[in-house]
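Undergrad: With the hints as constraints, model all of the structure from the sequences given.
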Amino acid sequence: MRETAYALEGIRYAYPGSAGPFRLEFDSLRIGAGDMLALVGPNGAGKTTLLLILALLARPSQGKLEFFGEDPWTGDDTAVRSRREAVLVTHHPYLFKGTVFDNLAFGLKVRRVPEAEWQSRIKEALTLVELSGLERKPSSGLSAGQAQRVALARALVLRPRVLLLDEPTANIEAGLALRVEAIVQETCHKMGTTVVFSTHNFSQASRLGDEILYLSDGRRVSFSHENCFSGTAETDGRRSWIEPRPGVRIVFEGRRTGHLTCVINPAKIRLFAAGDPAAGNGPNVFAGRVTRLEITGADLALVRVSGGLTFRVTIPLTEIETRGVSLSRPVLVRFGPEAVELIGSGAESRDNTHD
Amino acid sequence: MIVHDLLLAISVSLKTSGLAALIASFLAVPAALFLAGTEFRGKRAVLLINQTWMAAPTVVIGLLFYSLLGRSGPLGRLGLLYTQTAMTVGQVFLILPLIIGFSYTALRQVDRRARLTALTLGASPRQAGWVVLREARFALLVAVLAGFARAVSEVGIAMMLGGNIRNATRNITTAIALETAKGEFSNGVALGAILLVITLGINVLVQVGLRSRD
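Going down the list, the sequences are from chains A and Z. With our numbering, the residue at position 191 of the first sequence is 191, and numbering never jumps. With our numbering, the residue at position 53 of the second sequence is 53, and numbering never jumps.
Note that these hints are calculated values from the structure, not bench results. We treat Cβ as the ideally placed atom computed from N, Cα and C, and that holds for glycine. Hints are not guaranteed to be accurate.
[As the list claims (entries may be wrong)] Sample of chain Z residues at the chain A side, in silico, Cβ under 7 Å: (1) A114; (2) R115; (3) T117; (4) L119; (5) T120; (6) L121; (7) A123; (8) S124; (9) Q127; (10) A128; (11) E135; (12) E184.
TA: What follows is the structure, encoded as structure tokens:
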């Protein structure tokens, strides 16, 4: 059986000194050694907080965390020792003053790696991120893309057991992002490194992740945050609805009132050509145009439909043609009230939630 | 004023004020690091007191220590009054708030990600603290040099606690005061110029040394 890198049980996290609700709540999470896990969720979903917990930089307020079978929080020394096995590359990484070499040497120095090894390891890491020869360049003179790759090299040079990446491609142009993805994938597969990365990009998550963990409001949800809408609920007693935009109503089952947020699983939305009578006249039928069409790595196409609201829909590649989906084409999206999942609300009844 | 006396006065100035700057830095920088990295009740009051303390006149500090170190004072039996040690102690108290204030500002200006980044790369909390200090090293150096400049140029403490004793506690500033009292204004101005040149030299040496290491 494969080794377990992380085992989390009953994890609750609140900011130190905060009397507010828990920022993150997880009943259980297991990450296998050598796995690549994608964390997907909107801003404020808890992705960074989870990464900080996994990097052992934030201690859970409650619950149990095991890192390669051991409790890393038995003492300060244990935490530091364990932390040296899991390296986090933060969103908007910070480079220390000094040269690129100084930055890459920092982690080696604190780990007391013999100085004789530094040169070759730093050279190897910089070659991997295609920045060979930049050792002596001051970190202040790097472009955003170079800085991002230096930060990645600074983590790779340490050959960690776990690589944690907070939105690793958020600040770099598309071509470079693909290169970074390739490096991360190569590292994970070749060196057996466990990788956990956060992203807003659903297609990147499907391309890279062995598994995808969807987060919303500090909790695990069963699918992507794509198609996430908020509004004040009204009810007729049998069904309820919110109006994310005036006159645009999303209907769901059950009686709910108060402010709430809902998500619709992209796989549960159906696409129809504009005017197709099969779309019907029921609730939750929206007209729009295809504004993005992207092939993900899982034989699925991710389609963005923009109209009064913007929806993301996943359909099998084989159905692109049969459903007449192409860029700029007018289409209809439809989903049943039962496909609407309510999350993160404090409304009075929860009979419609099924997470 | 003969050359021998002049050299001794310069030596006393450098020794007492240099030592005061060194001791005050060892106390002030960790204090500033704590203040910059910790939120606690009463922190604002601490900063306010520190700022107020910065404006304390040298003669008031001199008077305070004079009453402590004088023969009838609580620390009189130590016999420190009119010694270079007393001058150094007084100067430490003079420049401590200045170095704390400047260092606090310098450390607050270090990118908050610096410490976190060090921790993500496996640094212990202490090593991460060093990283923050390293990132602020130029500004911290300015704080220490400002402290030294304040100490070397003050006259109140040196006069009250040192007593301006020839070949013992007379430093450049008390020598200037003496020359002025004697009506030897040109000597006073010359000593002032020497003081400025020494301070300039030290500033240049330290800055050049630090930049070459960088």
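Undergrad: Now tell me if each hint is right for this structure.
TA: We went through each hint and held it up to the structure:
Because the smallest distance between the Cβ of Z/A114 and any Cβ of chain A comes to about 6 Å, under 7 Å, the interface hint for this residue holds. Below 7 Å, beta-carbon pairs count as interface contacts, and Z/R115 has none with chain A, the closest being about 9 Å; its hint is therefore violated. At about 5 Å, the closest approach between the beta carbon of Z/T117 and any beta carbon in chain A falls short of 7 Å, and the interface hint on this residue holds. At its closest, the beta carbon of Z/L119 sits 6 Å from a beta carbon of chain A; the interface hint therefore holds under the 7 Å criterion.
Annotation: Z/T120 was flagged as interfacial toward chain A, and the flag holds, the nearest CB pair being 4 Å apart, inside 7 Å. The interface hint given for Z/L121 holds, since its Cβ lies 4 Å from the closest Cβ of chain A, which is under the 7 Å cut-off. Hint status for Z/A123: holds, given a least beta-carbon distance of 5 Å to chain A, under 7 Å. Interface hint status for Z/S124: upheld, as the beta-carbon distance to the closest one in chain A is roughly 5 Å, under 7 Å.
At about 6 Å, the closest approach between the beta carbon of Z/Q127 and any beta carbon in chain A falls short of 7 Å, and the interface hint on this residue holds. The beta carbon of Z/A128 is not positioned within 7 Å of any beta carbon in chain A (closest approach about 9 Å), and the interface hint is therefore violated. Interface hint status for Z/E135: upheld, as the beta-carbon distance to the closest one in chain A is roughly 6 Å, under 7 Å. Interface restraint check: Z/E184 against chain A, minimum CB-CB distance 49 Å, threshold 7 Å, status violated.
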